[in-house]
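In order, the protein sequences belong to chains A and B. If you're matching positions, the first sequence starts at 100 in our numbering and goes up one per residue. If you're matching positions, the second sequence starts at 35 in our numbering and goes up one per residue.
Bear in mind the hints are in silico, worked out from the structure with no lab data behind them. For every residue, glycine included, the Cβ atom is placed at its ideal position computed from N, Cα and C. One or more of the hints may lead you astray.
With a straight-line cut-off of 35 Å between C-alpha atoms, the simulated DSBU-like cross-links for lysine-lysine are [unchecked claim]: (1) B:K136 - B:K90; (2) B:K104 - B:K136; (3) B:K104 - B:K131; (4) B:K136 - A:K108; (5) B:K90 - B:K103; (6) B:K103 - A:K113; (7) B:K60 - B:K104; (8) B:K103 - A:K108; (9) B:K131 - B:K60; (10) B:K131 - B:K90; (11) A:K113 - B:K90; (12) B:K90 - B:K104.
Covered stretches of chain A (in silico footprint by chain B; criterion: 3 or more residues with CB under 8 Å from a CB of chain B, positions within the stretch not fixed) [said to hold, decoys possible]: (13) 108-122; (14) 163-174; (15) 177-183.
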Amino acid sequence: NAGVTQTPKFQVLKTGQSMTLQCAQDMNHEYMSWYRQDPGMGLRLIHYSVGAGITDQGEVPNGYNVSRSTTEDFPLRLLSAAPSQTSVYFCASSYSHTGTNTDTQYFGPGTRLTVL
Amino acid sequence: SQQGEEDPQALSIQEGENATMNCSYKTSINNLQWYRQNSGRGLVHLILIRSNEREKHSGRLRVTLDTSKKSSSLLITASRAADTASYFCATASGNYKLTFGKGTLLTVNP
Numbered sequence: 100n101a102g103v104t105q106t107p108k109f110q111v112l113k114t115g116q117s118m119t120l121q122c123a124q125d126m127n128h129e130y131m132s133w134y135r136q137d138p139g140m141g142l143r144l145i146h147y148s149v150g151a152g153i154t155d156q157g158e159v160p161n162g163y164n165v166s167r168s169t170t171e172d173f174p175l176r177l178l179s180a181a182p183s184q185t186s187v188y189f190c191a192s193s194y195s196h197t198g199t200n201t202d203t204q205y206f207g208p209g210t211r212l213t214v215l
Numbered sequence: 035s036q037q038g039e040e041d042p043q044a045l046s047i048q049e050g051e052n053a054t055m056n057c058s059y060k061t062s063i064n065n066l067q068w069y070r071q072n073s074g075r076g077l078v079h080l081i082l083i084r085s086n087e088r089e090k091h092s093g094r095l096r097v098t099l100d101t102s103k104k105s106s107s108l109l110i111t112a113s114r115a116a117d118t119a120s121y122f123c124a125t126a127s128g129n130y131k132l133t134f135g136k137g138t139l140l141t142v143n144p
């Protein structure tokens, strides 16, 4: 299994540009999520999905869109990039969200995004 | 808002010594997880402890959970240079969201 894959690894955007960060997992996980990591801030949840066709907002959703048309893929779209979105973005997936528990997360390698 | 807060923010020890990191949180949880992040890499899951558990072991790792004090500790015994990384606690509070702390940077000197 490849696990959780993310593309691209690095990206530089100009203010106002849009782009999509790709995330895919081959573990048949129901739960997928996107985090951003900024220095001194830890990881903050952007959006998450508990299954195909179901998404919800996390702690910092503004400026980002997601969709989940398949179990495997969970792309993150930046609608109009801003310098405040300069960060490292991590995608994660989890097999089980039994009841209301969130279990072990498997993380991708990250995408380092710079917005000029 | 941060749920888990690690302490200390940074820890420097010699190889062979034990390293202890603490995590405090604010609201009730279903489980608490510890992750490791090597510089420039994604996070790797270390151990999960559920709210009805008090202690768990995995290799050189020992995690305790005190729900009355809303705190957890991660002990790494006989540390190695390869243990140098950032360590994060994350809490699951029953709303499908995992909330991470800001992390402890552990440096193990050879």
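The hints, checked one at a time:
1. B:K136 - B:K90: Answer holds: B:K136 to B:K90 is near 23 Å, not above 35 Å.
2. B:K104 - B:K136: 17 Å, holds
3. B:K104 - B:K131: The given pair, whose Cα atoms are some 18 Å apart, holds under the 35 Å limit.
4. B:K136 - A:K108: 23 Å, holds
5. B:K90 - B:K103: Holds - the C-alpha atoms of B:K103 and B:K90 are around 17 Å apart, at most 35 Å.
6. B:K103 - A:K113: The given pair, whose Cα atoms are some 47 Å apart, is violated under the 35 Å limit.
7. B:K60 - B:K104: 7 Å, holds
8. B:K103 - A:K108: With Cα atoms ~40 Å apart, B:K103 and A:K108 exceed 35 Å; violated.
9. B:K131 - B:K60: 15 Å, holds
10. B:K131 - B:K90: Holds, at roughly 23 Å.
11. A:K113 - B:K90: Given that 35 Å is the threshold and the Cα spacing comes to 47 Å, the pair is violated.
12. B:K90 - B:K104: 16 Å, holds
13. 108-122: violated (count 0)
14. 163-174: violated (count 0)
15. 177-183: violated (count 0)
Of the hints listed earlier, those the structure fails to meet are numbers 6, 8, 11, 13, 14, 15, in rising order.
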